[in-house]
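K.L.:
Sequence:
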Amino acid sequence: MVDLVAGALGMLPSKLLELLNHEYKLQKGLGAEIQSLSRELESVHAALLKVAAVPWDQLDEQIKLWAREVREASYDMDDVLDSFLVRVEGCDDHVHQSRLKSALKKMGRVFKKGKARRGIAGAIEDIKKQLQEVADRRARYKVDEIVAKPAPKSSIDPRLEAMYKEVKQLIGIDKSMGELISMLTPSQEGDDVSDNKIMKMVSVVGVGGLGKTTLAKASYDKLRSQYDCGAFVSVGRNPDLVNVFKDILFDLDKNKYQNIHNTGRGIYQLIHELREFLRNKRYFIVIDDIWEPQSWETIKLAFVENNRGNRIIATSRKFDVAIEAVEVYKLQPLSYDNSKRLFYTRIFGDAEKRLPNHLDDTANIILRKCDGIPLAIITMGSLLVGKPVGEWSELCSALGFGHVDNRHVENTMRILSLSYYDLPSHLRTCLLYLSAFPEDYIIDKNSLIWKWIAEGFVHEKQGKWLFEVGEGYFNDLINRSMIQAVEDRWDGIVHGCRVHDMILDLIRSLSGEENFFAILDNSEDTLSRSNVRRLSNQNSTLQHITTHANRMEMPQVRSYIVWCDINQPVPNLSFKLLRVLALENCQHMEDCHLENLGDLLHLRYLKLTGPGISGLPKQIGNLKFLQTLDVGKVALEELPSSIVLLPQLVCLLCTHWFRSTRLPDGFGKLTSLEELRISAVGYDKCKHGRVVKELGSLVELRVLNAKIDQMDESVQRDLVESLHNLHKIQDLIIKKENKVTDADVATWEAAGFELPQHLRRLSLSGVRFSRLPSSCINPSRLHSLLYLDLCLDSMDEQDLRLLGMFTELHYLNLGTSSTLTVDNINAADGYFQKLRWFTLPYAMVQFQRSNEDESRISLHIWGGMCAMPFGSSKNYHCTSVPSAVMPNLEVLSFKIPDARLFLDGNGDCRNIGWEYLASLREVSVDIYPGMTLPWLVTELEDALRNAIKVHPNRPKIEVDTWWED
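To get this note's numbering, take the position in the sequence shown, counting from 1, and add 636.
Worth flagging that the hints you see were computed from the coordinates, not collected in a lab.
Each hint should be verified, as a subset may be incorrect.
What the hints assert, rightly or not - Derived lysine-lysine pairs resembling DSS-like cross-links, with alpha carbons at most 25 Å apart:
#  : residue 1 : residue 2
1  : K1343     : K1329
2  : K966      : K1343
3  : K966      : K892
4  : K1097     : K686
5  : K1023     : K1100
6  : K1212     : K1260
7  : K1269     : K1254
8  : K833      : K858
9  : K1254     : K1305
10 : K764      : K686
11 : K811      : K764
12 : K1260     : K651
To be verified - Distance windows between CB atoms, simulated:
#  : residue 1 : residue 2 : range
13 : N1167     : E697      : 47 to 53 Å
14 : Q1434     : H908      : 54 to 60 Å
15 : S861      : N1582     : 40 to 46 Å
16 : R1590     : K917      : 49 to 55 Å
17 : M819      : L877      : 41 to 47 Å
18 : E933      : M1441     : 29 to 35 Å
19 : E697      : K1254     : 49 to 55 Å
20 : H1131     : K892      : 53 to 59 Å
21 : S861      : K892      : 52 to 58 Å
22 : S1401     : N1582     : 47 to 53 Å
23 : Q905      : I834      : 27 to 33 Å
24 : E1231     : K1329     : 31 to 37 Å
25 : E1149     : E1273     : 44 to 50 Å
What you are looking at is a predicted structure, and each value in this text was computed from that prediction instead of being measured.
Just so it is clear, CB atoms sit at the ideal spot from N, CA and C, and this is done for glycine as well.
Throw the hints in and build the complete structure from the sequences for me.
P.N.:
This is how it looks when you write it as C-alpha cells:
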C-alpha cells in the first residue's frame, strides 16, 4: 500500500514478486535478485513503520530526512515497475480491427515485449542502485540505533487552560451543561426511586477543540458537593494506567494518598485499593480524554456499584469509546450567536461589544470558518487581538491555522495533531488526501474511496472486497471525529463528508511539508517543488499548470484533481505517470479536449464532467489499468465499443440525470466490475433484453443501479435469471424513467429465486408487484437489509408484520394504496426497531394507543378514500407512552388524498398519534385536496401544524398542497 511516511514502499515487494509469478521470462539470475530486493524492501518498510508511530515533531531530524528520502525513492521505484508492466501488457486489439491488421500488430507486440523483458534487467538495476543509497544513508544516519527523541518543547497539556476557567468566563455552555446534568441527576418525582441509586455513566463525545473538557469540568464543579468524594483525571494517548489509577486515588483523598505516586504498586493492587476505597462511598468521577476502548474497559473495573447513586463522566473524541458508557452525550458546536459572543469576548473582553457595521462581513467570514468550535474561535480572536480594526479585512483573507506564529495557534494545532498522530499510518494517508478538496466542500464518499483505491492506499483483507475495506477507513475517520458525516436528506444514508476548516488547515500544512499534495491557485509561486506527486487545481488556468509542468518537468505526478473550469486538452505529455485524473467542474470541456486521453496508460481513476462532451474517444480502450470510470455528469449517447477492453475496470458510473446511454455489445466481458450505475441499458426492447442478459456475466458485482425503461415480462424474466448469478450483490436498485411496470410475482418467485443474504439495499421502484413476493424478500434470509423501496398493489396485515421483522431496516419507502391495520403491537414484538425513515407516497398513517392496554399501539395505513376522519380525538391523551413500534423513527412522510377525510366537528388532527414516536424529528405531508374548498385545506394545514406541537421533541413539519390544474 501507499502511505504518508513509507510512500509506495509497502507495494513494491508484491509488485516485484508479481514479475516472478506471471512468468515474464526474466533473464537468468534476475529471479534471485528480485527475491533479495523484495526482502530488503520489507526490512526498510518495517523501519519506516516504526518512524510512522512517532509524532513527526518528536522525531530526530536525521530520521525525518532519511524517511523523506526513502519515500521519494519508493515512488521512483514504483514508477519504474509500473512503466515496465505497462510496456509488457501493451495494447490489445480493437474490437473492429481486421484479422490482417490484428496479426501484424500482434507480431509487432511480440518484439516489443521481448525488448521490454530485456529492459527489466535495467529497471531492476535502477532499483538496486536506489535501494543501496537508502541503505547507505540508513547506516550513515544510524537509523536503527537512534531512539525517537522528543523535541525540546513544553510537556504541559494544552487543554489545561480549559479545566481552570471560571464558569462566568464560559460562553454558550449553559445549554449543554444543563442537558448533561439532566442526564446525571436523579429521576423526577413519581418515577422508580430505585433508579436514582443505580450508578449512571455518561460519555461526552466530539471533535477536538469542541469543549468536552470544559463542559465536563464545569458540570463536575457544580455537582461535586453532592457526593462524598470525587476525582477529575485525564488519560490521554498511550496512557500509563498505573499512573492514571494513582491520579484517581490522589484526587479522591489527597491526605490519605499524598505519597501514592512514590509507591511501586501494580495495576491490580491499585484497582483493588480503589474498589475498597469506593465501596461504601457516594462518588463522582470524571475520566477525561480517553482514546482507546481497552483503556476505558480497564479503568471501569475500579468503579464499584454500591447503589449509592454514583456518577461517572467520560470524554472522548472517538465514538467507539463513547458508546462503552450507558448514555452518550454528543456535544454540539456553539450557535452562531454564542460564537459571536465568544469571539467578541476574546477580542474586546466584553461579549456585548460590537464591531463597526462595515466589518460585520469580516466577522461573519471568520465565524463561518470556525463553525462553532470554541477552540477555533478563541484562536482566531487571539490572532486579531491588538491589531487595528482597519486591518482586519486584509488579515481575514490570509487567516488560517497552519502557518501563523502564535501561541494560541500552536496550542490549537497541538490539540488537533493529537488526533492526527493517533491515527494508524494508513488512515493518516487517507486523511491527508482530503487536503485536495476545497473548503466547505461536500466530499462524495464513493468517489473518494475509489480514489484511495486507485492510489493504492487501501489494504486487501480476506473475505472483503476492496471498496468495503475503504468504506471501513471512511467510517473510522468519522468515528475518530476527523471528518463530519453528511447524510442524504431523504433516506439518512451517509453519502459523503465535510472536513472542518481547522482540520483542513492542519492536513494542508502537513501535506505541504511532506510533499503529499500541492494546492494550486493563481499565484505564480504556488509550485515551488520539482518533485510534486499530486496536484489539486482549485482556481488556476490550465495554461498556468502546463507552463509550470513543462518548465519543472513533472512526469511523476500521480493525482491531478481539477475544481475550476478549463478548456484545454488533457495534459498527457507532462503527466505521463498519472494514476488519478478527476475533472470535477469543467463546464467547457469538449470532445476535442480528450484526444490524448488514451495516452495516459497508467490511469486508474478517471472522472469527466461537462455538457460539451458527447462521446469518449475509442482510445480509452488503451487504459488497461483503469479501475474507475465516472462519466455520471456527462450526457453520453453511448459508450464506445472499446470500453469492453478494460480488464481491470471495477467501477463504471454512467448516470446522467436526463440522458440515456447505450451500452455496447460484449458488455458482459467486463467481468471485474464490482459497481455499475447506468442510466439506461438500451433504446429498444431487443437491446434491453440483450444487455439485461449480459448483466448475468458480471458475477463480481456488489452494486447494481440501473434504469431499465423496457420492463415487459420477457425482460423481467431475463433480469431475474441474471440476478440468479449475482451472488455478491449488496446494493440492488432497479428504476424506470416513466410509469412503473406491473411485475409478475410468479416470475420473481420462480425456481426458488432468492436474493443474496448480504443484500443491504433493495429498491425495485421500477416495477409494481401485485403482492409482496415474500419468498425472495424475507427477513429470515435478508438479515443485513438496511434500505427497502417497494411498490405493491395490495398488501395485508401479515405483509406489514413481515416487513416489520427486518431487524436492520433503517429506511422504508412503501408504495401502496392498500388499507390495513396491525393491532395491539407491544415493544416485545420488535417491529421496525431500527427504522429511521418511513415514507408512504400513496397513503397515510395513524398510530393509536390501545384502550385496553396503554403499552400497546395500533398501526393503521389508509389508502385511497378509505380513511376515517383523523380529527376524532376521542380518548385523546397528550402523555406519550413507551415506543411499541418504530422507536427510532426520525422522519415520517405520507400523503393525504382528500382533505375532507381528516376533519370532523373537532377541527383538529390530534389523534394522528405522532407523540407515540419517541425519536421523531421531522414530518412531511403531501395534501391532495381533490374537491375540498380552499379554506378547509388551510384549516387542515393549520391542524397538522398544531398536532405536531403535542410531541415533546417539537419536530419540524413540512406541509405541501398539490392543487390540480
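K.L.:
All hints are to be evaluated individually against the structure, with a verdict given for each.
P.N.:
Tested hints:
The straight-line distance between the Cα atoms of K1343 and K1329 is roughly 15 Å, inside the 25 Å bound, and the hint therefore holds. Using a Cα cut-off of 25 Å, the hinted pair K966 and K1343 is violated, with the two alpha carbons roughly 40 Å apart. For the given pair, K966 sits about 36 Å from K892 by alpha-carbon distance, which is inconsistent with the 25 Å threshold. Under the criterion of a C-alpha separation no larger than 25 Å, the hint pairing K1097 with K686 is consistent with the structure, at around 22 Å.
With a CA separation close to 55 Å, the supplied pair K1023 and K1100 exceeds the 25 Å bound. The hinted pair formed by K1212 and K1260 meets the criterion: a straight-line CA distance of about 15 Å does not exceed 25 Å. Of the supplied pair hints, the one linking K1269 and K1254 holds, its CA atoms being roughly 19 Å apart against a limit of 25 Å. Under the criterion of a C-alpha separation no larger than 25 Å, the hint pairing K833 with K858 is consistent with the structure, at around 20 Å.
Our distance criterion of 25 Å between C-alpha atoms is met by K1254 and K1305, whose separation comes to about 17 Å. At most 25 Å may separate the alpha-carbon atoms for a hinted pair to count; K764 and K686 meet this at roughly 23 Å. For the suggested pair K811 and K764, the alpha carbons sit about 64 Å apart, so the restraint of at most 25 Å is broken. A distance of roughly 17 Å separates the Cα atoms of K1260 and K651; the hinted pair therefore holds under the 25 Å criterion.
A hinted range of 47 to 53 Å is violated for the C-beta pair N1167 and E697, which are about 20 Å apart. In this structure the hint that Q1434 and H908 lie 54 to 60 Å apart at CB holds, the actual value being about 57 Å. At about 44 Å, the beta-carbon gap between S861 and N1582 stays in the expected band of 40 to 46 Å. Between R1590 and K917 the Cβ separation comes to about 40 Å, which falls outside the hinted range of 49 to 55 Å.
Taking 41 to 47 Å as the suggested C-beta distance range, the pair M819 and L877 does not conform, at roughly 27 Å. Look at E933 against M1441: about 33 Å separates their beta carbons, and that is inside 29 to 35 Å. Distance hint check: the CB atoms of E697 and K1254 are about 53 Å apart, consistent with the given range 49 to 55 Å. Roughly 55 Å separates the CB atoms of H1131 and K892, a value that falls within the hinted 53 to 59 Å.
In this structure the supplied range 52 to 58 Å is violated for S861 paired with K892, their Cβ-Cβ distance being about 20 Å. For the hinted restraint 47 to 53 Å between S1401 and N1582, the CB-CB distance of approximately 34 Å leaves it violated. Separation of Q905 from I834 is about 28 Å and conforms to the stated range, judged on CB atoms against 27 to 33 Å. Hint check: E1231 to K1329, Cβ distance near 35 Å, so the stated range 31 to 37 Å holds.
As the Cβ distance of E1149 to E1273 is approximately 47 Å, the hint placing it in 44 to 50 Å holds.
When each numbered hint is compared with the structure, violations occur for hints 2, 3, 5, 11, 13, 16, 17, 21, 22.
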